[in-house]
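**Student:** Sequence:
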Amino acid sequence: MSIEIQKVTANIGARVSGVDISKPLDEETVAALREALNVHKALVFDDVNLDDESHQAFVRHFGDVTTAHPTVAAVDGAANVLPVDSERGRANHWHTDVTFVLNPPQATTLRSITIPPYGGETLIANSAAAYRDLPEPLRRLADGLWAEHTNDYDYAVPDEEIDAEKAEQRALFTSIKYRTAHPVVRVHPLTGERGLFIGGFAQRIVGLSLGESRKILDLLQSYVTRPENVLRHRWSENQLVVFDNRVTQHYAIDNYDGLPRRLHRVTVAGDVPAGIEGRESHSIEGDASHYTSVAVRPAPEAASVAVREEAASVAA
5 MSIEIQKVTA NIGARVSGVD ISKPLDEETV AALREALNVH KALVFDDVNL
55 DDESHQAFVR HFGDVTTAHP TVAAVDGAAN VLPVDSERGR ANHWHTDVTF
105 VLNPPQATTL RSITIPPYGG ETLIANSAAA YRDLPEPLRR LADGLWAEHT
155 NDYDYAVPDE EIDAEKAEQR ALFTSIKYRT AHPVVRVHPL TGERGLFIGG
205 FAQRIVGLSL GESRKILDLL QSYVTRPENV LRHRWSENQL VVFDNRVTQH
255 YAIDNYDGLP RRLHRVTVAG DVPAGIEGRE SHSIEGDASH YTSVAVRPAP
305 EAASVAVREE AASVAA
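Heads up: the sequence shown at position 133 corresponds to 137 in the numbering used here, and the numbers run straight through without jumps.
Think of the hints as simulated: they come from the structure by calculation, not from any bench. Among the hints, a few may not be true.
[As the list claims (entries may be wrong)] Between beta-carbon pairs, the in silico distance windows are:
#1 Lys219 with Tyr122: 17 to 25 Å
#2 His286 with Asp68: 16 to 24 Å
#3 Pro264 with Asn53: 18 to 26 Å
#4 Asn259 with Ala14: 19 to 27 Å
#5 Gly215 with Ser6: 50 to 58 Å
#6 Ser293 with Asp258: 28 to 36 Å
#7 Pro121 with Val52: 28 to 36 Å
#8 Ser297 with Glu140: 37 to 45 Å
#9 Leu145 with Asp68: 33 to 41 Å
#10 Glu140 with Asn242: 24 to 32 Å
[As the list claims (entries may be wrong)] Here are the simulated EDC-like pairs of lysine to aspartate or glutamate, each with C-alpha atoms no more than 20 Å apart in a straight line:
#11 Lys11 with Glu39
#12 Lys11 with Asp68
#13 Lys27 with Asp50
#14 Lys181 with Glu152
#15 Lys11 with Glu232
#16 Lys219 with Asp137
#17 Lys11 with Asp50
#18 Lys170 with Glu91
#19 Lys219 with Glu140
#20 Lys219 with Glu152
#21 Lys170 with Asp147
#22 Lys219 with Asp147
#23 Lys219 with Glu241
#24 Lys11 with Glu91
#25 Lys27 with Asp55
#26 Lys181 with Asp291
#27 Lys27 with Asp51
#28 Lys27 with Asp68
#29 Lys170 with Asp258
#30 Lys27 with Glu57
Heads up, the beta-carbon is just placed ideally off N, CA and C, and yes, glycines get one too.
Using the sequences plus the hints, can you model the full thing?
**Tutor:** Have a look at this one:
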C-alpha cells in the first residue's frame, strides 16, 4: 500500500488515504501511521467500513485497548467501546480524555455512527503548539506546576440545567471518585515534545486555592484553544478520527438542535505521564485498574527524530 498523508491545517490534523484499516496491518504501515500521528496529532480516515469488532482490531495495532470508561457503560456486547451519544449527554467542554486516572489513554479513536445533517463538529487542539506559543515567563511558570484532575463534577452540563435525568448521568459518571496529580507540562514519551496537560478535568493547581488555580488554568488554556492550534472536524458518514490524547484536547460542539448524534469511541491504554524533570503523576483517590492497563514508556531512541529536534529547540 502507498499511504498518503495530506495536512488539514498547519498545526494539527492530516487526512490519511491509501490504507485499508479494516484489514490487518503490517509493522511498516503501523509505524508510518504512528509517525503521522506523532507529527500531526490527529488523523482522519474516510470510508473506513468498520464495525465495533474491526474498529477494536485496528486500535490494537497501537497498544492494549482500554475498557469503555471507568464509570460509564459500554456498548452492549462490546466492553471496550463507549457510545458517545447525544442522548446520554454532550461533552461540550474542552478536555483530554480520562485525565482523572493515573494513566489516561495515549490515543482516542472516534467512528461516526449517526451524524446530524448540520453541526456536531469535533474541535481538536494541539497542546504542544500551545506550549510553544507561551511567552518565556509563562513557560517557566508552567514547567514547575502540577494540577489535580478529578471527575467529581459535571464537566458537560451547567448546574442550572441539571434535571433528574442529567443528575442520574452525573451520579453514574462520579460513581467512583478519582483524583490524580499530573504535571501541567507533560513530556511526550515518543517525541520529547512538551505540551500543556490540562483541560476540563484539571480543577486545581497543587499548592494554590481554587480561585488562584482557575485564573492560571484559564490563562494557559487560552493558548490551547487559539484558532491556529485547532482542527474543526466536520463529520461525515463512515469516518474514523484518531488523535493523540497525550498532547491534544477536544470539544464536541452542541450546535445541531438536539438531533441524533452518535460516535463510537475506542481508546488505547497509556503510560503514566511525566513532567520535564522525569517525575511521574501520582494517584490521590480512585483505582482504575479495571479500566486500563499501564503502557510501558518507550525508550527515548524510539522517538521521532524530526519532532524530537523541534522539541529540543523549543526547550533550549
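**Student:** Please go over all the hints and tell whether each is borne out by the structure.
**Tutor:** Structure-based check of each hint:
A hinted range of 17 to 25 Å for the beta carbons of Lys219 and Tyr122 is inconsistent with their spacing of about 36 Å. As the Cβ distance of His286 to Asp68 is approximately 22 Å, the hint placing it in 16 to 24 Å holds. For Pro264 and Asn53, the hinted distance range of 18 to 26 Å is satisfied, since their beta carbons lie about 22 Å from each other. Hint check: Asn259 to Ala14, Cβ distance near 25 Å, so the stated range 19 to 27 Å holds.
A hinted range of 50 to 58 Å holds for the C-beta pair Gly215 and Ser6, which are about 55 Å apart. One distance hint, 28 to 36 Å for the beta-carbon pair Ser293 and Asp258, holds here, with the actual separation near 33 Å. Checking the proposed 28 to 36 Å range against Pro121 and Val52 shows it is violated: the Cβ atoms sit about 21 Å from each other. Distance hint check for Ser297 and Glu140: the Cβ-Cβ separation is about 38 Å, which falls inside the suggested range of 37 to 45 Å.
A hinted range of 33 to 41 Å holds for the C-beta pair Leu145 and Asp68, which are about 35 Å apart. Restraint check, Glu140 to Asn242: a C-beta distance of roughly 45 Å breaks the suggested window 24 to 32 Å. Distance restraint check for Lys11 and Glu39: the Cα-Cα separation of roughly 14 Å lies within the 20 Å cut-off, and the hinted pair is therefore satisfied. With a CA separation close to 28 Å, the supplied pair Lys11 and Asp68 exceeds the 20 Å bound.
In summary, the hint linking Lys27 to Asp50 is supported, as the alpha carbons are separated by about 15 Å, within the 20 Å threshold. The straight-line distance between the Cα atoms of Lys181 and Glu152 is roughly 13 Å, inside the 20 Å bound, and the hint therefore holds. Restraint check for Lys11 and Glu232: the C-alpha separation of about 14 Å stays at or below 20 Å, so the hint holds. About 18 Å separates the Cα atoms of Lys219 and Asp137, which keeps this hinted pair within 20 Å; it holds.
Proposed proximity of Lys11 and Asp50 is supported: the alpha carbons are some 14 Å apart, at most 20 Å. For the hint pairing Lys170 with Glu91, the CA-to-CA distance comes to about 10 Å; that is within 20 Å, so the pair holds. A C-alpha spacing of about 18 Å is found between Lys219 and Glu140, which places the hinted pair at or below 20 Å, so the restraint holds. Annotation: proposed proximity of Lys219 to Glu152 holds, straight-line Cα distance about 15 Å (limit 20 Å).
Using a Cα cut-off of 20 Å, the hinted pair Lys170 and Asp147 is violated, with the two alpha carbons roughly 37 Å apart. Simply put, Lys219 and Asp147 have alpha-carbon atoms about 17 Å apart, close enough for the 20 Å limit, and the pair holds. Under the criterion of a C-alpha separation no larger than 20 Å, the hint pairing Lys219 with Glu241 is inconsistent with the structure, at around 40 Å. The suggested pairing of Lys11 with Glu91 is violated, with an alpha-carbon distance near 33 Å, which exceeds 20 Å.
Between Lys27 and Asp55 the alpha-carbon distance is near 12 Å, which keeps this suggested pair within the 20 Å criterion. Pair hint Lys181 plus Asp291 holds up; C-alpha atoms about 9 Å apart against a cutoff of 20 Å. Only pairs whose Cα atoms come within 20 Å are accepted, and Lys27 paired with Asp51 is accepted, the gap being roughly 13 Å. As the CA atoms of Lys27 and Asp68 are separated by approximately 18 Å, the hinted pair is consistent with the 20 Å bound.
Note on Lys170 and Asp258: the hinted pairing holds, with a Cα-Cα distance of about 16 Å set against a maximum of 20 Å. Proximity of Lys27 to Glu57 is assessed by CA-CA distance (about 11 Å); at most 20 Å being required, the pair is judged to hold.
Violated hints, listed in ascending order, are 1, 7, 10, 12, 21, 23, 24; each of the other numbered hints is respected by the structure.
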